[in-house]
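Sequence order for the protein chains is A and B.
Residues in the first sequence are numbered consecutively from 1, following the working numbering.
Residues in the second sequence are numbered consecutively from 1001, following the working numbering.
Treat the hints loosely; a few may be bogus.
Stated by the list, open to error - Cross-link-like lysine-lysine pairs, in silico, BS3-like; alpha carbons within 30 Å at most:
1. B:LYS1171 with B:LYS1156
2. A:LYS162 with B:LYS1171
3. B:LYS1093 with A:LYS6
4. A:LYS6 with B:LYS1175
Claimed, not checked - Reference excerpt, derived from the structure (chain B facing chain A, CB under 10 Å, subset only):
5. ALA1020
6. ILE1022
7. ILE1024
8. LEU1079
9. SER1086
10. LYS1088
11. ALA1091
12. GLY1094
13. GLY1112
14. PHE1144
15. GLY1166
16. PHE1193
17. THR1194
18. SER1226
19. ASN1230
20. GLU1259
None of these hints come from the bench; they were simulated from the model.
No residue lacks a Cβ here, since even glycine has one placed at the ideal position from N, Cα and C.
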Amino acid sequence: MKMKAKWASAPYIIWMILFTIIPLAMIVYFAFTGSDGSFTLENVKNAGVHIPTLANSIYLALISTVVCLVVAYPFAYYISRKSYSKQKMMVMLVMLPMWMNFLLRTHALSALIEDNGVINTILTSIGLEPLKMINTQGAVIFGMVYNFLPYMIMPLYSIMTKIDNRTIEAAADLGANTLQTHRSIIVPMSVPGIISGITMVFVPSVSTFVISGLLGGSENYLIGDIITAQMLGSAYNLHYGSATSLLLMIVVLVTMIIFNGLDSEDTEGMLA
Amino acid sequence: MKKSKLSGIYAALVLLFLYAPIIILIVFSFNSEKGYSWQGFSLKWYEELFSNELIIESFRNTLIVAFIASIFATVLGTLAALGVYSMKNKAAKGLIQNVTNLPLLNPEIVTGLSLMLLFAAMRFAGGWVTLIIAHITFCVPSVFLSILPKLRQLNKSLYEAAMDLGCSPAKAFQKVVIPEIMPGIITGFLMAFTYSIDDFVISYFTAGNLPTLPITIYSMVKKRVSPEINALSTLLFLAVFLVLLVTNVRAIRKEKELERKRKAVK
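Excised from the complex, chain B in its bound form (with noise of 0.2 Å):
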């Protein structure tokens, strides 16, 4: 009992570790002065994010490129998922899996600098298109990897049986497999949008001059006198906090129902 109290004490200290500082942060994003003596409420950083020309702009063009990126990427891995999945060649495949692992493993930092010294060589100025080819590259391999297994998963005699009654082809791909393998697709563009709206290291090095709200945050932040910064963290947190709140309590509370009906059954 004493000892479960315990570690029951680490984890909550483990968790003020990492949610202290966002708390921080979310608190003096409210006060009326800059600096980390409190001095009054304010809402005047919000003000002052929202009149940040620079700011805005930087936004918008971070969702337009993660909207590019992503669809581009979705497309791209989808295709390369169904050719994977139907090849026969061990080997062919086993390079294929290597190959969409690099991004994955190699440092960000050379991810980048790699992209950057092509665009160099290729005299390619750094702008919407590097900053696009580059995003597209480093999501495709999260929406190839989201959609495989729904493909390992799916059930191959739905698919014949769709042509026996009748189905072209064509129409059995659409009206059995891409509605069985929709969730990968799904999961796969969202986390490409995620990963996109989310990178700055790999933006840094190619993305010319043109901004991105990462990099943007990065020179406010390198300048350390910034309090808009914390009404953008304490916006982009809650943003996040309802997103996963909303996913989560579904979920557990179907799973709790499924566990109580699961005990009625016994």
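One chain only, chain A, in its complex shape (with noise of 0.2 Å):
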């Protein structure tokens, strides 16, 4: 079994090289030329300018993954103190959801919050002013935050709920109360957990385009925005998409680095 299996891969890796592999550097070829093959540098700098679009997508997806945070991590914790079957279906309850489809989902906070929506149609029939909510920022936010929360829920959770309570009583026993518990124990304990969650989330947030297309209006582009339209759309040019699809990739791998980087280091202080 063992020497001839070791062949079994083979037409995975041939795969991979092909439709993974190849395809990012076609994304790097055809970023450095131009439509007739000869290479060139005007992509990527008429792609800077594109930079503010990018700086605002980071902004709004640094904003909307702290907010997953601070809301999941009582969640997260608040589970994993329950008992195994009600752990088992409040999961259950968090990934129901994220079953539905992602349009779906984005469709359905724009019933909430369109200008004709249920929320402004409740406020008119009290009596109230409607409210301007859909086709703003606040809205993008919004739209990230109940997508991608659950992505913060699932591996924080899973990571609390491995830490014993006994842990957690000895800290009380030996005089903590609830807020050092949670900072000299459970946080660092969980950090594992927090920066996958921050990647999980950050990452669909800065490369979004469904989201913003359809809650944040013409007025509040992204970038997905931007390359979804030089892919696909109305600014057609692949040469051009390229090179902003590169700025994307800069910073996703970034955030990859940076938060590896940590995640890395801070095990290795826990072990130690």
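Make one complex out of these two single chains by using the hints.
Here is the structure:
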């Protein structure tokens, strides 16, 4: 079995080279060539125009990530201290909306905050002024938090559930109050979960075009909208679009490096 | 006591936040008029949903793509896991695992547009083939990752014992290894299938003019006048709810029984 089975992974390796590695290289190739195939820096220079949009995307994604973390932390801790069957049930409740298509969830939000949506219908029926909610930055953040909150809850929960109750009791016995217990026991032990939660929320948020397209209107373009317009839409130019996506890839890569770097340091620190 | 009540309320609020939009969507899928003021009960949007040919066709396309892509991905991923498991070279193993992580870590938009560029460079028009290739690509890693741990848990002596008892290597593989990793293969297939059905972003870049359900939903939702979509959401939500309920209730019941037995033994 040993000798022959080794070659069983060959088709997979070939597939991944063809359809994962080469395509990524294509982005770089397209970004640095003109439509005649010659080398140029023109696209990359032009893509620089989109840096303010990129900055805005990073800004909104950061806010959403922080909100998700703040909301998810107590919630994940709460479930992690429940009995096994209750935990299972709560996890299922958190996962259930995730099984519904992302577009439908975003659509559900727009039904809520549209100009003639549920909230405004209620407000006007009780004699209040309707609020302007859709097509604002707030709507985009709301959309990101709503869609990606479970991505923060799940990794936090799965690491917190492994923390032994006796550790927490020991901290209390030694005189720590709740805040101190969290600060010196639970937060440090949850670091790997916090980090994967942050990456799992930040990366899809910073690269989204669906949430901004459906909830943000034309004034709240994110980098994803620009890339989509360049690849498929009104600003069609594959070379230019590739250069813009290089910008996005750099942001994602830097995020990964920062957080994965933190991760390995901290886990080592925890073991020592 | 007071504190635990507070955190219970907080947890309920978070769940309310997650569910309120969906519940509202479900309620208004039965509204007799467009818009979000209640005008009376009606099933008219469901009728319109089922007579909307584009939605029906997109749904059919989505199922066909998901089926083909997840079968391919399962075969490819199972072979890959078997191969990597029997590799001795640690560097090669590590490299394969890293490449496997790439599509999982990359933003979907990057995966989608990188494939689109590849197809463009090969002068391959978007359609069934490109869409299925793209779906296999993002499904394979999850199959691979769900089978590999099962192989690691495998008891090697069983395979040897089967051969000692007269099985040929192929027979021993079929009788011992396959049944042991079957749960992983099934999980992998189901994951691939659900990812494929659910995918919008990568399909958007690679499907050409072929409508899949998420792509059709996107174009309808973008126009913001689409009460049929509320009906569709309701149906999909109910389907998922039932599947999860059945599988989880069974799992929880089993667990509870085990707990009871454990206590009885004590």
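Holds or violated: is there a CB of chain A closer than 10 Å to the CB of B:LYS1088?
-> 8 Å, holds
Mind checking the alpha carbons of A:LYS6 and B:LYS1175 for me, to see if they're no more than 30 Å apart?
-> OK: A:LYS6 and B:LYS1175 at ~20 Å, within 30 Å.
Restraint outcome when B:ILE1024 is required to lie within 10 Å of chain A by C-beta distance | It holds, given that the least Cβ distance between B:ILE1024 and chain A is near 5 Å, below 10 Å.
Can B:ASN1230 be said to touch chain A, with a Cβ gap under 10 Å?
-> 7 Å, holds
Closer than 10 Å between Cβ atoms is the bar; does B:GLY1112 clear it against chain A? Give me holds or violated.
-> 9 Å, holds
Are the Cα atoms of B:LYS1171 and B:LYS1156 separated by 30 Å or less?
-> OK: B:LYS1171 and B:LYS1156 at ~15 Å, within 30 Å.
Can the restraint linking B:LYS1093 and A:LYS6 be considered satisfied, given a maximum Cα separation of 30 Å?
-> Answer holds: B:LYS1093 to A:LYS6 is near 11 Å, not above 30 Å.
Interface restraint verdict for B:ALA1091 against chain A (beta-carbon cut-off 10 Å) | 14 Å, violated
Interface hint for B:PHE1144, Cβ within 10 Å of any Cβ on chain A | Hint holds; B:PHE1144 Cβ to chain A Cβ min 7 Å, cut 10 Å.
At a threshold of 10 Å, is the proposed contact between B:ALA1020 and chain A supported by beta-carbon distances?
-> 7 Å, holds
So, B:SER1226 near chain A? Judge it on the closest CB pair being under 10 Å.
-> 8 Å, holds
Does B:SER1086 pass the interface check with chain A, least Cβ-Cβ distance below 10 Å?
-> The hint holds - B:SER1086 has a Cβ within 10 Å of chain A, the shortest such distance being about 4 Å.
Checked against the numbered hints above, the structure breaks hints 2, 11, 12, 15, 16 and satisfies the rest.
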